[in-house]
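Trainee: Listed below, chain by chain, are the residues.
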Amino acid sequence: MNGSFDDKYDMIGQPPGTLTPIGVKVAKETRIHYVVYDKETKIEKKDSTVQECKKIIESGKNVWIKVIGLSNIDAMHEIGSVFDIHALVLEDVINSNQRPKYEEYDTYLFFIAKLLSYDKAASTVDSSHVSLIMGENYLITFLEDNLPEFFILDQRMDNKNGKIRLKTIDFLSYSILDIIVDCHILLLNDISEDLEELEEKLVQSPGNEDIQIIQKLKRNLIHVRKSIWPLREIVGKLEKEDVKYVSGQNSHYYRDLYEHAVQALETIDNYRDMLSGFLDIYLSSVSNRMNETMKVLTIISTIFIPLSFIAGLYGMNFANMPELGWDHGYHYSLALMAAIVCVMVIFFRNRQWL
Amino acid sequence: MNGSFDDKYDMIGQPPGTLTPIGVKVAKETRIHYVVYDKETKIEKKDSTVQECKKIIESGKNVWIKVIGLSNIDAMHEIGSVFDIHALVLEDVINSNQRPKYEEYDTYLFFIAKLLSYDKAASTVDSSHVSLIMGENYLITFLEDNLPEFFILDQRMDNKNGKIRLKTIDFLSYSILDIIVDCHILLLNDISEDLEELEEKLVQSPGNEDIQIIQKLKRNLIHVRKSIWPLREIVGKLEKEDVKYVSGQNSHYYRDLYEHAVQALETIDNYRDMLSGFLDIYLSSVSNRMNETMKVLTIISTIFIPLSFIAGLYGMNFANMPELGWDHGYHYSLALMAAIVCVMVIFFRNRQWL
Amino acid sequence: MNGSFDDKYDMIGQPPGTLTPIGVKVAKETRIHYVVYDKETKIEKKDSTVQECKKIIESGKNVWIKVIGLSNIDAMHEIGSVFDIHALVLEDVINSNQRPKYEEYDTYLFFIAKLLSYDKAASTVDSSHVSLIMGENYLITFLEDNLPEFFILDQRMDNKNGKIRLKTIDFLSYSILDIIVDCHILLLNDISEDLEELEEKLVQSPGNEDIQIIQKLKRNLIHVRKSIWPLREIVGKLEKEDVKYVSGQNSHYYRDLYEHAVQALETIDNYRDMLSGFLDIYLSSVSNRMNETMKVLTIISTIFIPLSFIAGLYGMNFANMPELGWDHGYHYSLALMAAIVCVMVIFFRNRQWL
Amino acid sequence: MNGSFDDKYDMIGQPPGTLTPIGVKVAKETRIHYVVYDKETKIEKKDSTVQECKKIIESGKNVWIKVIGLSNIDAMHEIGSVFDIHALVLEDVINSNQRPKYEEYDTYLFFIAKLLSYDKAASTVDSSHVSLIMGENYLITFLEDNLPEFFILDQRMDNKNGKIRLKTIDFLSYSILDIIVDCHILLLNDISEDLEELEEKLVQSPGNEDIQIIQKLKRNLIHVRKSIWPLREIVGKLEKEDVKYVSGQNSHYYRDLYEHAVQALETIDNYRDMLSGFLDIYLSSVSNRMNETMKVLTIISTIFIPLSFIAGLYGMNFANMPELGWDHGYHYSLALMAAIVCVMVIFFRNRQWL
Amino acid sequence: MNGSFDDKYDMIGQPPGTLTPIGVKVAKETRIHYVVYDKETKIEKKDSTVQECKKIIESGKNVWIKVIGLSNIDAMHEIGSVFDIHALVLEDVINSNQRPKYEEYDTYLFFIAKLLSYDKAASTVDSSHVSLIMGENYLITFLEDNLPEFFILDQRMDNKNGKIRLKTIDFLSYSILDIIVDCHILLLNDISEDLEELEEKLVQSPGNEDIQIIQKLKRNLIHVRKSIWPLREIVGKLEKEDVKYVSGQNSHYYRDLYEHAVQALETIDNYRDMLSGFLDIYLSSVSNRMNETMKVLTIISTIFIPLSFIAGLYGMNFANMPELGWDHGYHYSLALMAAIVCVMVIFFRNRQWL
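Protein chains in written order, with the numbering used here: chain P, 1 to 354; chain B, 1001 to 1354; chain Y, 2001 to 2354; chain Z, 3001 to 3354; chain V, 4001 to 4354.
Calculated directly from the structure, the hints in this document are not laboratory data.
In this text the structure is predicted, and so the values were computed from the model without any measurement.
C-beta: ideal position from N, C-alpha, C; glycine also.
Treat the hints with care, since some could be wrong.
[To be verified] Sample of chain Y residues at the chain Z side, in silico, Cβ under 7 Å:
hint	residue
1	N2291
2	T2302
3	M2321
4	G2325
5	W2326
6	H2328
[As the list claims (entries may be wrong)] Below are the DSS-like pairs computed for lysine-lysine, each with C-alpha atoms no more than 27 Å apart in a straight line:
hint	chain 1	residue 1	chain 2	residue 2
7	Z	K3201	Y	K2295
8	V	K4237	Z	K3237
9	B	K1101	P	K237
10	P	K101	V	K4163
11	Y	K2240	Z	K3244
[Unchecked claim] Residues from chain P shown here face chain B by an in silico Cβ test under 10 Å; the list is partial:
hint	residue
12	V89
13	K101
14	D145
15	A311
Construct the entire structure; sequences and hints are all you get.
Mentor: Put into structure tokens, the structure is as follows:
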């Protein structure tokens, strides 16, 4: 069930600031990579140590530190103490239930976002917890796992004249947020295909299971909305020109990102409206099918009930029933029945039931 | 499906600011026309070049530069560099999925709007992407195609004493926005006709397809709303007296435009209320039809079932059934049946079913 | 259809500020009357000229200028130029689709309101376009026709000690707005009677047409709301003490008016709630009637089907059916049928269907 | 019908400020009592005169002046002129349709509230119009009739050490508003009992009239809401410390009152939610009953129709029907019928219809 | 019934500030414990006296005073006078109907919250009234009973290096509020399990009682929402840095708490959406079941009615019916019936009813 708190509140008895990984994927180890870059050079180091990273940061160059795998408490504690990160921030980093948020601390900005992906077969939304800590010249990203969505950044960084290499560290964090927002929009695209399929099915052969599909899609949209809504607010705050570590010349990029988030939200509202329209279509189709059933019953019953009555009438055993003795009594009765059928058919034609 | 992102996110791997035309009509070439005008003279030049336009602008006269056809990336790049337009602005200009927006830059104002038209046969809303860049003495309009809705402006400009000729360049952009808002209202007029037709049909002969028509109209209204709502905000900002390049003496015109947009939004809300009322009418009519079906069945069944029973009764083969031997047993039984029919008819009359 | 733009957008090709009467009643001519008054004297002049009015205004006395009939473009142009009225204001004055609004100009205040009346027979709301221009010592009212609702003002002005005579010109415009708000409330009274009738009908004999009546009343309420809502805002602005031409000592009157408008809006919301309650009552009554129909069918069928079966059973022609030969076989079978009827009646009594 | 304007707008032709009692109970006469009190003494005088009250006020002691019966215009005029009350205030005092409001005048505060009570038998809310004018050292209350709800105040004033005696006049008006808010809450208690009864009935034996009861309760809640909502705003304004005549040390009491009003509003919203839940329960129960009806019909029909067919089959009169001649043909046919019944019963058992 | 005012307004005749315990559990006596603590020492005293506590507070050390059992008026009066607590505060402390609130007084902060727990068997939410008074160096908690949820705090306080021991008194009140918010979230977890169960049941075997379960869960959610909503506002106020007695260095903890409350509110909204989706599922399933019932009836009736007619036809007693004399007339008629059954089965197959 989306938005459940199951894992978290095993820790209810713990004092605040105690590190307990919640809901994050269990990687075998916590690995730390870094990339140092400026206009001229770009050096990448895999499986570095916290201390090494600390030194690089102090050298004043732009550094992107990637922490992958969040379930190793000791490593997280070390990161926290070396980089001087507040205990509550670390707690949020390893709690995958934490909603997207943005906080300014004295020496860094901290934000959390969700990288969403759509499992089309099961029609469920998967969510990956992404935390960013941005300081003067460094950006630390915390990921549960090595997410392929971010590989593209490595390629762009290889390009010596790419904007990432030319600009300050906040352009890198913009690029990461941009990828995250794009993932939301891609996911909405996938949902939009499901919506089209569902609409077609509802019009052609609505079934009892459709209402559950509608509910499922509605929940997925709520899930996406709960992720993109706070993200929009975060980007909205970064767009303002007076945020520490965000240079004014990049604010147009953040504004652009903000608009993408707004557009995604509008699309979500649009889809939710469509879903409630689908519910109307479904309910109306159920009513219509019942009406059809009733019509069939009514037509058959209404035609045959009088005929059966006539048959029953001349099946009576009264001693004195003159019609029974007539030569053509049988044929007259058949003619009467035929006449009744005609009247009925005309009646139903008039009602446009036939 | 409205509001789909299909095209856009093929470009998900691209760095921001990369020019890729999205959803715009593919014209063979990008053509640039300009009109230079003041109170005395008006000179029109077709198929000019970017450099020529640049020179005219520097001459200080009022210039309207029309860029028609947005799919030629090289031409767009040239326009961008010669007129010193931000990369993100150019990206928006050629992205027909971009929602209406307004941005102030150092040397120009940038706004995007949608020119809507209604395809009455298919009951779909077509949308044309219009971008405006307004500087000190020039206005650049970017259109996907030569839109006939703007031809009227050429006529008005020919009038030496027309307001466009007498006023500054911001009156020209007001005139363009005015035409765009008018197109929304014309479209609402067309939709209002569809609504009237639908209402009449719903009252006279409601059908299963009507609920889909209702959904379609609802989506069209949402589409129009998504276009006019941000447009209203844009005009609202321009109405304020302290916007660069907008002279205070024209602010009454913008306020007038603002009110038209508000009125269009009210009309949309009104129509949406009507549509949800139509849904009620439809559902109620479905219920009533089912009720009618049930009544027919009930009346026929209820009248004939007792008659058939009597017929069946005297069709029994008991050796000792005195009634069967009576001289007028048959006629008595017929009289009994007639009496039952009378009672039933009176019963249904009382219930107002007949 | 309410809120249609039909007339307006024939003028789509016209430059802004072009005078075209829209939707206003076509009176043969535009007539101008005026009333000059102060504490001592009150002079009324019928069929005056614009120039004469201008002179009276310049004399500094309180003048009420009544312009009746708005379809004469020349006369409107003359009024516009002599009284120095902005072109957009004149456009609004003769456009009966213009929603209520309030604007401050340098030398006058301009407001538009709607005088509504209810055509009880057709259950439609008629709307009359009223424009007011209030300057230092003059008030110009533009009416489509001689509205009887305003005759009462002439009577009050005759009263030498009446408040209108004793106070400044803004009290006159207050009095006019007061009458307009009162008309809204009277109309709501009429609608409230329709609501009561409808409720009674729904409870006693609901019919298929009721849902359309509900929709019609809903639209009427929306119509009234669209008129009184902006009117409330206008009065709210005038109530503030710093509005030009409105003396602080009259602000209590405007506040009183404001509250009447608020009360009308509350009443409208109240009635809309009632209407949606009526829809529930209607739908529930439709369901109940269907249930009743079903019950009748079920009772009759359920009682007679077993009886008919027994009759059919003893109508079989098997050679060896001992019961047929019994002396009282027939009477036994009748007794069995009677027993079945009793059981059925008890069964239905238990279910409270009888 | 709640919220009707019936009485008011007989006065549509009257100039503003004309005194016409609207909807107030017609008492034979207007009576004026007063209570002068301070820490030491408390003097009560029944049937005093306006002039006498005036003198007492000027003595500087705390005075509570009770005006009971509002239909005597002359008396009201006298009160208005002696106490220097604005004409619009007097108009509101005698207009029982006036919604609760609060206004500051130069020499007094004026507020209107509604004392509500519940007529449990008819399930209707009765409303009593209460106006308060509070000056430096006096409080004038205007009541339609001698309301027993306020008798408790006399008792409390008798207590020499009661807070009322020890504090300024604004504590008295707080006490009155406190009683009024309490009456709303008591009324909500009564409605809550009606809700519980209704819920029980809906679950056990829902009937067609329940939907009207739901509507009635909904309207009552709206009525209470319309009374307590502005009251909350009034108290909210008085709670602020800078209101004239309200001493800062009493603001905690007003804040407490404010919270009671908020709690009442929350309760109302809660009850409205419950009512819309009741509607769902009702509609679902109607559907279920129809389903039950259908099931009975279906079971009976489905069992007997095949039996009747077999009976009819062997009632045919073909010359050559071998089964008819069999010795145990009749018993075989009975066995076949029994077998069919068994199959049917098993079928319905599987569907959980039996 | 949730939110009832039953107890409170027995006290309607009482002057404000009179102490009457409302809805609180009746404990035999009011007991007072205290804990004095700093970094080095922690002294706990059970069953102390008010005077003793007063002295400890004046010593300047951090003191947590626990008042357990609120029904002893005399004890409460003593606490009120010794600690100089406002009469209205005391009234709120012993009124379990009081909603969560926050108030600043001169020498202390006062807040009320609700500790909720879920009775899973009865599906009801139990609420425990918790009041906190926080001064410079002391915190007084008022509980109805000894709540096990707070035992954890004693354990944490035993830890010499625990945050509670190291920080100021406001961290203790943060810890208490943290436990209270956690209880809300735990409760939502329990409700989420009920939701999952209900959903499964609705899909598999929906019953008439489910709609009441839906209503019950909806009310529980409203109950939780009414408790957490004001709590969120309280925490939001404490998070601001300028609140007296709350040190800036703890504001991150309050912000964290604030976010948990926001997340709980989002979860509630999410669950309410799910519940309204469940209602749709339920209603749709009721419709579908009725449709199934109708289909069974229609299939059986439609197949057998024509057969019965044929049987009746040849059961007629006309003297001259040639078919009756045919050798294979009986078999021909059986073949005709079989043919009709085949046609019917094909017809229903086409409609996908079989």
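Trainee: If a hint holds in the structure, say so; if it does not, say that too.
Mentor: These are the hints, each one checked on the structure:
1. N2291: 5 Å, holds
2. T2302: It holds, given that the least Cβ distance between Y:T2302 and chain Z is near 5 Å, below 7 Å.
3. M2321: 5 Å, holds
4. G2325: Nearest chain Z Cβ about 12 Å off; hint violated.
5. W2326: It is violated, given that the least Cβ distance between Y:W2326 and chain Z is near 14 Å, above 7 Å.
6. H2328: 19 Å, violated
7. Z:K3201 to Y:K2295: Distance of about 22 Å is within 27 Å: holds.
8. V:K4237 to Z:K3237: Roughly 21 Å separates the two Cα atoms, so the pair holds.
9. B:K1101 to P:K237: 19 Å, holds
10. P:K101 to V:K4163: Measuring from Cα to Cα gives roughly 25 Å; hence the hint holds.
11. Y:K2240 to Z:K3244: Holds - the C-alpha atoms of Z:K3244 and Y:K2240 are around 20 Å apart, at most 27 Å.
12. V89: P:V89 check fails; min Cβ-Cβ to chain B is 28 Å, beyond 10 Å.
13. K101: Because about 24 Å separates P:K101 from the closest Cβ in chain B, which is outside the 10 Å limit, the hint is violated.
14. D145: Interface hint status for P:D145: violated (20 Å vs cutoff 10 Å).
15. A311: OK, holds: P:A311 within 10 Å of chain B, min 8 Å.
Hint check: violations occur at hints 4, 5, 6, 12, 13, 14; the rest are consistent with the structure.
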